[in-house]
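Now for the letters of each chain:
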Amino acid sequence: MYQPTSLLEKWSQENNELVNKCKQQEAAGGAVSRDHSQSSLRWCSSEFHKLLRKIQGIPPHVDHSQLELAVVYNTCVCFTAQSQFSEAELLLKEATERVLQVTGNNADTSDPLVLWRAGLKSAGNTALHPHVLYLLCLQWALWLAKCQLENIWELQEQMSSLCELVCDGVGDGSPSEAKGRLSKSPLLVMELKRLTELLQICTSIAQGAEKLNEGRSSEALSDLQAASALSATRALVAYTHLLSGSCLAHMNRPQMALQCYKRALETDSRCVCALYRSMLIYRQLGNTQAEIQALRLLHSTLMLPPATEPVLGGIHPLSPSLLLSSHSLSRLLLVPSALSVLYSLALKCVLSGRVTEGVEHYLDLLAALHSEDQHAVRVKIITNKITIQFSLMGSVTCICLPQVDAEVSVLPRMPELYLEAGAALLFTRRPADCMALCNEVISTTLELVPEKVVLEEPDEGIGGDARGLSVEGEDKVAMLLWAAAAYLLQGHCHAHLKDWKQAVTHYTRCINLLVKVHLKNRDFQPQIPAADVNVKHGKDLCALQRMKGLSLAWRGISFTQMDQLREALRDLQLSLQAFPDYTGAGLWCGEVLWRLGRKHEAAACWEKTWSLTTQTSVEKLPLYLQDPQSGPLLDSVELRLRIQELGLT
Amino acid sequence: MEGRCAVETWAQFGFSGGSYKVKILCGFGTDVLICTGTEEIYVFSKRERKITTVLLLPAAVSDLVGNQDKHLIYVACRSGVYRVNLQFLLHRDQSSQADASSSPAELKISQECLVVGADEVSSLLLVGSVLLTLCQRDASWLLTLYKTPKQTASTSHEEFGSFHLPVVSAVDCGAAESNRRPRKGSVLICIHSGDVEASSPSNASAESTVAQDHFHLEPLLFKLLFGVEAALAKSPVILCGLPDGRLCFLPLRLPGSRLRVLHSLEQPVCFVGASVVTETGHAQCLVAAGEQGRVVLIKTDKAGSEGGSAVAAFTEGCVPGPVWCGCMDKSCFYYSTGADLLRLDLSEGSFVRESKERGEETSGTTAAALQSPSSLNVCRVIALAEPARSTAGDVQLLGVSARGQLQRICLPAGRVDEGSSKLPSTQVSRSVRDLLSAIGDVCERASVLKTVIKSKNQFLRLLNHAISISFLLMADTTTDLPIKEKPIRCHFETSWSRLLQKDSLSLVCFLHNSSPFVLERGWTLSITVSPLSYSSSPAGESSSTNFSFPFHDLCPGQTFEASLPIAAAGDASFPMTVSCSLIFSLSSLLGEEEVAASFAGLQSSCISLPLSTLTVDWLHALQLNSPTATHKMATVQPSSAAADSIRTFLSSRQLRCSGRTNRGGESAAKPEPEKYSASVWVSSEIVRDTLKPKKSSNLDTKESIRDPEDLCLSLLERLLSEDTEGVKMGCQGDKIALSTSVVHACGPNGAAMKLTVKEINVGEEESTDKEATIEVQIESSSLAAVCGLHHAVLRRIQTLLQSATEKAASTKNVQILGLRRALQRAEIQQSQISGAFGEVVSTVQRDRLLLTVYQELRQNPLLIV
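Here the protein sequences line up with chains E and B, keeping their order. Per the numbering used here, the first sequence runs over residues 1 to 649. Per the numbering used here, the second sequence runs over residues 650 to 1514.
To be clear, the hints were calculated from the coordinates, so they are not data collected in a lab. Using N, Cα and C, we set each Cβ at its ideal position, and we do this for glycine too. Any given hint might turn out to be false.
Here are the simulated distance ranges between beta carbons [what the hints assert, rightly or not]:
hint: 1; chain 1: B; residue 1: Q800; chain 2: E; residue 2: R42; range: 53 to 61 Å
hint: 2; chain 1: E; residue 1: H370; chain 2: B; residue 2: L705; range: 35 to 43 Å
hint: 3; chain 1: B; residue 1: D718; chain 2: E; residue 2: Q564; range: 54 to 62 Å
hint: 4; chain 1: B; residue 1: D718; chain 2: E; residue 2: R234; range: 38 to 46 Å
hint: 5; chain 1: B; residue 1: L705; chain 2: E; residue 2: E154; range: 43 to 51 Å
hint: 6; chain 1: E; residue 1: A436; chain 2: B; residue 2: D718; range: 25 to 33 Å
With these hints in hand, go ahead and build the complete structure from the sequences.
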């Protein structure tokens, strides 16, 4: 008689000591690094597991099942906190089966749902009932962590009754009920009440995200709004607001969505996602000023040091991030890196006419890329967790880059960034800086440009997803296009400086590079309208044609300036062949014809050019392939006057 | 031809063995830091040539990196990464030197120095202000970036990035190694694009950390391997070699960059570096070596396959031996296999490149260069560092040996022809001495090898002979050649000799080798002498005696003679069987000590080839008492006159007593119980026939044989001297002239006996057709003598008759007569024997009865026709 009680006491004492130790470590854990707390957690879980092994060594019995279930709970919490879900689940299953054995029922099923129902029923109104509920709580957490929301829906009633019970203070060890009985009950690593609260809001968030993903926005909205009233950490409440906003945005109510995002930001100022989402809505609304403002804010928020992490983590072992790991939610919470935000900002500025500001941002971006300490990488850590998938041998083949929304601007590849910055610099009349950047691009790429390149049948992924390609397969075409674009920009620079001879040299270099590209499909006529080209053939072909047109046209213009009209005419006509859409070429072609005295032809050329009012998607072209707004310009009004004069005569 | 390496041991430190990563860290002025995988880090001062300080870390050290500018080292332990300020250390060191200059100062690194709390960090790297740690977490490799503070006082190291790479468990080739080595090391190095310094001199930190784990790669190769973006971003690239064989890279400063796999060696990577440095200071070749010797060289191949653009060429090859550690200098890769230190000259490939146009050939020669690393003859090196080339062209390496010695290894100049013209005379003489001693060593080894080969050849030849001889002898046994025609045969002669007044019989064995083979060392003649009847020995055990005579080259045609004592007079049991065999034993061939050492079970294994088995009987052992011999003895040896006279007396008495015939009546009339006799009857015709060919070959006249007296004499002569089965009675002094048909002799047991051969007529006395019969009668007072001699005579006659052609003489009558009489006798004897056994009589009586029956059997033989 004596021995079991003493054993029981010993075990529960051991359990309590472990729990206390755990709590101490957690309290201290805020200061120490993540690794350290992980290792202490590992230690705890192994100790708890050892203890559990000892307890489970004897057949299940009512007297000590209370303790046993408490230790199971503690062990499972530790396991779950380390993402060892399968181990925890196994323990829970074993524990339920033992409970069934104690109560004299037999479990002959492996289906966890049936098992739980049976367990809860058999525990019924016995003293064990609250302890079985603990375990149900953990099962809930596990299902949540493993995104098995359907199981949670299945046991919804049990869960809700559990919540009620807990709120009444049954399993809390609270003084309200039966203090005498529970005073001896073993300690728990994590209070039950807090766990259920956490689980409730996390479940709401996860379910909301799931529903939103499935398109049931209005349903999700009501749930989330209900959840936002729950007591939880600020971060989690902010999530509910954020998701509500997303629902509203999905339901095409941008202004209300903006309100929700605002509320989320008010709740948790660190909720960068809300900021990002607002920016997207502004972009959608076409409010460029607000968009730029939001981008700027977003960037500065992202650049802040990450001092806020512990707030989210809390001091209990089960962190919300562990429970909110569903894919749909993480997609909703995705935020681009600070660098890509900065890039978006720069590009937006340049495109919206705030070129000087844009150039500054571009230069900031380049500086950040060259700086020793890269804050940019930090944000990547968060996204890394979700987005990286590895093939077996470790070479990264498939990366789910943030493609959630088409609007998310991904950082372009380095040479393109250089070229864009160069173009922006040229826009702000800083040709020397532009030339320096281009020189850099040329020096890096030129060595790698092959003698001959075959541009294959369009492959949609060639330009866009090249980042994921392995290095060996780095696109030769891209390399060539970069070098050519750099020469083109340099030509523009010289043109800007009115150094026509140099300009011709650089345009010639560009053309020489471009003619190395051979189109594989011989039947294909490159002269077909550009819109079609855009659709049918990849970015590369489009860029190639555009670059050919630009370089030839501008060489022609340069020749014109040098009064070499024949060469100029030849180039301009070739340019029009290569890229009929380019109005500058058409106008200058007319001008040359005019100067050559072929005035009627010139007039026809002008008329034809003006009739091409397509003004194709300049926005979608890279910055460096846009028409330089410098150099000699032809005044359309003056040209029309000339035509009129011609018509008069 | 390579010169020899000079190895100078600088320091010895306690060191358990090469189970951990051993690393030498240089660059702190004259201090060298060595971590050996234990908790200790040794600080060795090159100036003082001793270990000045020992740093004691809380746990085993797995890696060590240093920042030379700030005099900081980072140490990766099991429990985390510690930072130690060496300046502080040095200061401390100097202050402590005053009081105790002999023993190294010991400095405990406390928990305060812990800067990163990550456990099980396997590798460290410092790139500028970024500290990288590589460790294995559950199922992935984790490369973590920490920002080191600008001020050395601050200890906060902020983590700002981490990269995962899943662990691949597919590579199992090093599973055995992994058991031996608990934690396989990983390699972390940093590659800078060559033009980084040139274009941005502000990037000072990159220059300051140019150490053993930082390399500047030729820009083109850099771009080819790591992409244009990394080059444009001026980003250093982290290369990490993992124990699963993967070589991964990470552009450090490129946004969105990830750990990607560059190559897989499929064996644990133990070294990564860059070499073949040009004048501009850029390495042209990236080298990675696996633990089992697989090496990959990565170079730019300018004559690429398509389009004429450059591509990166990966040349894989295998170098001999496991690679324990390695280091690089401007043109060579040095690595240690444990048994040797090897040098791989990587620049050869590039030399060839200039002369040849084709790229394939270049890669071929590079691969060929991989095949032939030159040995430097330094063994047991487990860590290498700091290759330095002196002005004379010597390369100096710093190494740690498996025994825990810090060594300075001086390699000689690469080419002899360069150095020889300028060398001072002292160096020349030294090198000549070195060369001479090297030649001496080589000669010695060569001669040893030669003798080994020679002895092996010899051995093989002997074995061949042995096998041939065995086949020869085996063929003999199957074909059953007559003894005379056997290629290796032996025959014996018995001879009495008198030594110290004791007569002894010795058997002389003659082995004649008429085979074409030499019986060499390893062959042994073994002769076993054993009594024919074992029961005669008192204890019942076989009293066989073994003699063995090893041969020393018995050439074809030679005869080997060995004499073996059979018995002294009186104590031998005749007849005895002599079996001789040739034994070939491997052990005697190999030499005792070798066999004992290597083949314990071989000692008993030898080939035994039986030659012949012979019987030495009483007739061979008879000592004839010729009158002249007795006379000689009497005159020459007067001291024994008395004994001789007694013996003469005795024998004369025996002679007198033996004067009886085999007639039953006579023997009954003179009953003498001590006198035993036995007789053998042979048809004289048969004797005549069988002796004829003998005589004819002896060129004797045939007339004498007609005479029955002659016949008796010749039979007697034949009996006494005939060479039966290769055993012959040796000549006893001069040839016995047999004058009478009665021979008195002395048996080997000393008993006197008489042998009489005479012609008698057998058959019914009244019958007319009497058969001429020769009777050989043996008489002696010793029963053993009679028995033995009788046996011997019977055997002789048996062999005589066997050799004789079968005569179909009609002797039926005689036979019938004999049979009848024999039958009668047999009946009587039968009744006597049954009476002897049936009645209850004493053993003495029974013996006597049996003896009587025996005697009768002997005395009334059947006539042999």
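query = If you check the beta carbons of B:D718 and E:Q564, does the distance land in 54 to 62 Å?
reply = Cβ of B:D718 to Cβ of E:Q564: about 59 Å, so the range 54 to 62 Å holds.
query = Lying within 43 to 51 Å: is that true of the beta-carbon distance B:L705 to E:E154?
reply = violated (60 Å)
inquiry  = Quick check: does the Cβ-Cβ distance between E:A436 and B:D718 fall within 25 to 33 Å?
reply    = holds (30 Å)
ask   = Regarding E:H370 and B:L705, is the given constraint of 35 to 43 Å on their beta-carbon distance met?
value = holds (41 Å)
task = Given the hint of 53 to 61 Å, check if B:Q800 and E:R42 actually sit that far apart at their C-beta atoms.
result = violated (34 Å)
ask   = Between B:D718 and E:R234, does the C-beta distance stay in 38 to 46 Å?
value = Cβ of B:D718 to Cβ of E:R234: about 44 Å, so the range 38 to 46 Å holds.
The structure fails to meet hints 1, 5 from the earlier list, while all remaining hints are met.
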